[in-house]
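Residue numbers (the working numbering), protein chains in the order written: chain A, 30 to 451; chain B, 17 to 386.
Any given hint could be a false lead.
As the list claims (entries may be wrong) - Pulled from the structure, derived: some chain B residues nowhere near chain A, Cβ distances all over 10 Å:
(1) Lys64
(2) Thr131
(3) Gln212
(4) Leu307
(5) Gly358
Stated by the list, open to error - Derived list of chain A stretches under chain B, where covered just means 3 residues or more per stretch with a C-beta under 8 Å from a C-beta of chain B:
(6) 88 to 100
(7) 248 to 257
(8) 321 to 331
(9) 367 to 379
Said to hold, decoys possible - Taking lysine to any residue pairs in the SDA-like style, the calculated list, with each CA pair at most 20 Å apart, reads:
(10) B/Lys22 - A/Glu277
(11) B/Lys378 - A/Arg263
(12) A/Lys369 - B/Ile371
(13) B/Lys250 - A/Lys368
(14) A/Lys368 - A/Ile345
(15) B/Lys378 - B/Leu307
(16) A/Lys368 - B/Gly372
(17) B/Lys378 - A/Lys83
(18) B/Lys22 - A/Arg263
(19) A/Lys314 - B/Glu259
(20) B/Lys64 - A/Ile345
(21) A/Lys272 - B/Gly372
(22) B/Lys373 - A/Lys272
(23) A/Lys314 - B/Ser198
(24) B/Lys64 - A/Glu262
(25) A/Lys83 - B/Thr308
(26) A/Lys33 - B/Gly372
(27) A/Lys264 - B/Ser60
(28) A/Lys33 - B/Ile203
(29) A/Lys314 - B/Ile371
(30) A/Lys83 - B/Lys250
(31) B/Lys22 - B/Ile203
Don't read these hints as lab results, they were simulated from the structure. Just so you know, even glycine gets a beta-carbon here, dropped at the ideal spot from N, CA and C.
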Amino acid sequence: METKVLNTNNLPFCKGCGHHGISQNTAKAIENMGLNILDVIFVTDIGCHGIIDKSLNAHTVHGLHGRSVALGAGVSMGLPENKKVIVFIGDGGATIGLQHILEAARLNVNLTVIIHNNFLYGMTGGQLSGLTPKGFNTVITPNGSPFGEHDICELVYTAGANYVSRVIGIGDFSETIQKALETPGFSLIEVMEICPSYGVKFNPKRKLQEIVEAANKPIKTWTNNRAPFSFPERKTVNNLFDKTPVIEKLNVEKNLTKQIQVVLSGSAGEGVQLAATILCKAAVKHGYNITQKGTYPVTVGVGFSVAEINISPNEIYFHGLSNPEYMIITSQDGYEYSKKTIQTLNKDALLFIDQSLPTPDTNAHIITMDFRGKGAKNAVLSALFSFAKKTNIISTETLKSILSEMNMLEKFPLAEIEKELA
Amino acid sequence: MNTIQKEVILDDSRVIMEALAQAGADTYIGYPITPSNAMYLYASIRYKYMLPAPDEISTLQYMSGMAATGHLPVTATSFPGFALMVESINMAYMMELPMIIILTQRLGPATGTATAGAQGDIALLRGMISGGHPIPVVCPATIEDCWDLSAKALQMAVDLRCPVIILSSKERANTNRNFDISKLPPIKPIERKYYQSNEPFIPYKYNDTLVPDFLPVSNNQHQVRLTASTHDQKGIIQHTSDEAMKNTIRLEKKVNQYIDTHNDYNHINNHADTLVVSYGITANAAEEAVLTLNNQGKKIDLLIVKTLLPIASKINDIIHSYKKVVFAEDNINGQYAKIIFGDRLPNHVSFVGAIGKMLSPKEIIEGGKF
Numbered sequence: 030m031e032t033k034v035l036n037t038n039n040l041p042f043c044k045g046c047g048h049h050g051i052s053q054n055t056a057k058a059i060e061n062m063g064l065n066i067l068d069v070i071f072v073t074d075i076g077c078h079g080i081i082d083k084s085l086n087a088h089t090v091h092g093l094h095g096r097s098v099a100l101g102a103g104v105s106m107g108l109p110e111n112k113k114v115i116v117f118i119g120d121g122g123a124t125i126g127l128q129h130i131l132e133a134a135r136l137n138v139n140l141t142v143i144i145h146n147n148f149l150y151g152m153t154g155g156q157l158s159g160l161t162p163k164g165f166n167t168v169i170t171p172n173g174s175p176f177g178e179h180d181i182c183e184l185v186y187t188a189g190a191n192y193v194s195r196v197i198g199i200g201d202f203s204e205t206i207q208k209a210l211e212t213p214g215f216s217l218i219e220v221m222e223i224c225p226s227y228g229v230k231f232n233p234k235r236k237l238q239e240i241v242e243a244a245n246k247p248i249k250t251w252t253n254n255r256a257p258f259s260f261p262e263r264k265t266v267n268n269l270f271d272k273t274p275v276i277e278k279l280n281v282e283k284n285l286t287k288q289i290q291v292v293l294s295g296s297a298g299e300g301v302q303l304a305a306t307i308l309c310k311a312a313v314k315h316g317y318n319i320t321q322k323g324t325y326p327v328t329v330g331v332g333f334s335v336a337e338i339n340i341s342p343n344e345i346y347f348h349g350l351s352n353p354e355y356m357i358i359t360s361q362d363g364y365e366y367s368k369k370t371i372q373t374l375n376k377d378a379l380l381f382i383d384q385s386l387p388t389p390d391t392n393a394h395i396i397t398m399d400f401r402g403k404g405a406k407n408a409v410l411s412a413l414f415s416f417a418k419k420t421n422i423i424s425t426e427t428l429k430s431i432l433s434e435m436n437m438l439e440k441f442p443l444a445e446i447e448k449e450l451a
Numbered sequence: 017m018n019t020i021q022k023e024v025i026l027d028d029s030r031v032i033m034e035a036l037a038q039a040g041a042d043t044y045i046g047y048p049i050t051p052s053n054a055m056y057l058y059a060s061i062r063y064k065y066m067l068p069a070p071d072e073i074s075t076l077q078y079m080s081g082m083a084a085t086g087h088l089p090v091t092a093t094s095f096p097g098f099a100l101m102v103e104s105i106n107m108a109y110m111m112e113l114p115m116i117i118i119l120t121q122r123l124g125p126a127t128g129t130a131t132a133g134a135q136g137d138i139a140l141l142r143g144m145i146s147g148g149h150p151i152p153v154v155c156p157a158t159i160e161d162c163w164d165l166s167a168k169a170l171q172m173a174v175d176l177r178c179p180v181i182i183l184s185s186k187e188r189a190n191t192n193r194n195f196d197i198s199k200l201p202p203i204k205p206i207e208r209k210y211y212q213s214n215e216p217f218i219p220y221k222y223n224d225t226l227v228p229d230f231l232p233v234s235n236n237q238h239q240v241r242l243t244a245s246t247h248d249q250k251g252i253i254q255h256t257s258d259e260a261m262k263n264t265i266r267l268e269k270k271v272n273q274y275i276d277t278h279n280d281y282n283h284i285n286n287h288a289d290t291l292v293v294s295y296g297i298t299a300n301a302a303e304e305a306v307l308t309l310n311n312q313g314k315k316i317d318l319l320i321v322k323t324l325l326p327i328a329s330k331i332n333d334i335i336h337s338y339k340k341v342v343f344a345e346d347n348i349n350g351q352y353a354k355i356i357f358g359d360r361l362p363n364h365v366s367f368v369g370a371i372g373k374m375l376s377p378k379e380i381i382e383g384g385k386f
């Protein structure tokens, strides 16, 4: 017989299986609440319970083993509050997806999870799960499971769920399901069952009630009163390009006729990447094309920090490092990292190196100066002024104007540097 | 179109995220894995719905749920995260849910080097759907590509009801370059068409496009069934019934059929006998290599493949029409070459690769033996 929720009373479960009761009680709760059946979305996991889909008149989404709570959470996040998302999952799925359940509880997603806990994986032959009580016999532990089990209700309650209840899966527990559905935020019901195929077979003399008591799993309800999930409020922009400043080009002649590479090599936290950005802006102002990339160890804030820059009057295709024309080395970290590249520099290359560092073995022309003397954070920038002065690829005036635009002039020892370069 | 020049410095990550947002992607869910973390950051200020997920399995599951309700979700990841997503991408593929996954390649195996580039995930992408079904992969090689291909990828995801992968690499996603953004025309948001008839909705019934009409689970007119298991047109689980097998075969056909009419590539054709094939970051080096060779008087053609997988008939036709073919890829095994020509490359096909660094034009010129 077809009802509002179920399209048949011939459910696809073994005789005596508690899954019948869960389906019927859920259907009763939905009917009692007077919900429109197409305002209900069932998300089912892998396991015997998951084949209920075809018997339901609601929307159904049938996903992967253990992931249905995360999938259901996604469905719920995409829907208005009047929709009801119900996840059916077994104790095996709950074990696999334990983190998804805790996360959904933590986020307090509008979702009702009903765990069909029959203490084992039914579909695969009766193996134990993380919710199998200690001492319960399964196909691979015929003398009783030696492991302890999760108290899923306590875990979920602690994680912040608004309504948690454990029930024995016999008789009418539709009111508990209704309460869960009516509670805003995350709710979970653990329904205790015994699998008529494998549970009874391996534990022939035990009764469900006794197993639950022996496992010290109280039949009770836990509640919190937290605000349900909503997407975090943030400051957003209408267009990501609004955040990228437009660079006005100067009406100057380009001194560069071919693509060059500049490497800035220093230490993390000493403004290497910022200096690279300033150099690139200057180059673009002068009408060149640029590429800029940073290289650093996986850790943040320590070790080397290297910027590789290409500057070209023409289109840049390959932007990888081959044999740089210019290198700026301002710290020991940078020196160590770039040692090999320094050794292979051509004799036409220019190497700007801080006076505190060893004189490197290279064919390049070396310019040694006291960059770090201007403060470690100003070392690379100071070297850029020397670079500008020596190469004329960009002008020191352009560097100055960019520092001014970026409100960096105040803290920068410009007068001292200009004096040295004069 | 704005003709006033607007020169800015930006990276591919920014362009991809903006293009997808303009095309109608409204949701970003993800985990900030290197080197996709810039995209995560951009999404946090651009996307209407943005949620940090605890891991990549949750990411794909949240995205699938959002997609089932009619949203267009995006995530960005790299191999370690992508590997976790594979089963869930299979799920979304089987359920037929549109979404975008940006895979920013980095050096493997395993966690490898998070901050080094690579093109090492192509073989995985070719075989990641159980059954060998194709999943669409687009691979931008320029900023213009990031703009056009990202919008097309989202359209493809919607048209095909299928996850689509945008393949990048650390060396493009995290490299800044100057660009005149006035060259990027505004992108028209995708118009989604939902099933509208009063006739009963059969969720996996299809027509000539082989793509079933979509209805979100939020509608209250028709029942919607979505499933990751083998199913008939009604979305009811089957073992291997004829109808279910037809449906499973359809999933393969719908992608191949679409890609044969919707594909992008750049063929620099001087009617030479030799072709260099490349994609993504390596295409930049390959283009420089081919220009250099042509300037030296050596006639060499170039094919930059942008719709990388499945391989469109036209792309296969071009590659198979040359007497000599050289593949340039940032990996050590010629993954794309082997997808096209098989594990033992024929004598007329060769491969130049690199690991832990970008393949340079010089290496392509020397390794290609032109």
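A quick look at each hint next to the structure:
1. Lys64: 7 Å, violated
2. Thr131: At roughly 6 Å from the nearest Cβ of chain A, B/Thr131 sits no farther out than 10 Å, so the non-interface label is violated.
3. Gln212: 16 Å, holds
4. Leu307: 8 Å, violated
5. Gly358: B/Gly358 clear of chain A: closest Cβ-Cβ about 30 Å, beyond 10 Å.
6. 88 to 100: holds (count 9)
7. 248 to 257: As far as the stretch 248 to 257 of chain A goes, the hint is violated, because 0 residues have Cβ atoms under 8 Å from chain B.
8. 321 to 331: holds (count 7)
9. 367 to 379: violated (count 0)
10. B/Lys22 - A/Glu277: The hint holds at about 8 Å.
11. B/Lys378 - A/Arg263: Given that 20 Å is the threshold and the Cα spacing comes to 47 Å, the pair is violated.
12. A/Lys369 - B/Ile371: Between A/Lys369 and B/Ile371 the Cα gap is close to 18 Å, so the pair holds against 20 Å.
13. B/Lys250 - A/Lys368: 66 Å, violated
14. A/Lys368 - A/Ile345: 26 Å, violated
15. B/Lys378 - B/Leu307: The hint holds at about 12 Å.
16. A/Lys368 - B/Gly372: 18 Å, holds
17. B/Lys378 - A/Lys83: 62 Å, violated
18. B/Lys22 - A/Arg263: 28 Å, violated
19. A/Lys314 - B/Glu259: Outside the cut-off at roughly 64 Å; violated.
20. B/Lys64 - A/Ile345: Status violated; Cα separation ~35 Å.
21. A/Lys272 - B/Gly372: 32 Å, violated
22. B/Lys373 - A/Lys272: The given pair, whose Cα atoms are some 31 Å apart, is violated under the 20 Å limit.
23. A/Lys314 - B/Ser198: 17 Å, holds
24. B/Lys64 - A/Glu262: 9 Å, holds
25. A/Lys83 - B/Thr308: Measuring from Cα to Cα gives roughly 64 Å; hence the hint is violated.
26. A/Lys33 - B/Gly372: 61 Å, violated
27. A/Lys264 - B/Ser60: Judged against 20 Å, a Cα distance of about 9 Å means the pair holds.
28. A/Lys33 - B/Ile203: With a Cα-Cα distance of about 45 Å, the restraint between A/Lys33 and B/Ile203 is violated, given a limit of 20 Å.
29. A/Lys314 - B/Ile371: 35 Å, violated
30. A/Lys83 - B/Lys250: 9 Å, holds
31. B/Lys22 - B/Ile203: Measuring from Cα to Cα gives roughly 17 Å; hence the hint holds.
Checked against the numbered hints above, the structure violates hints 1, 2, 4, 7, 9, 11, 13, 14, 17, 18, 19, 20, 21, 22, 25, 26, 28 and 29; every other hint is satisfied.
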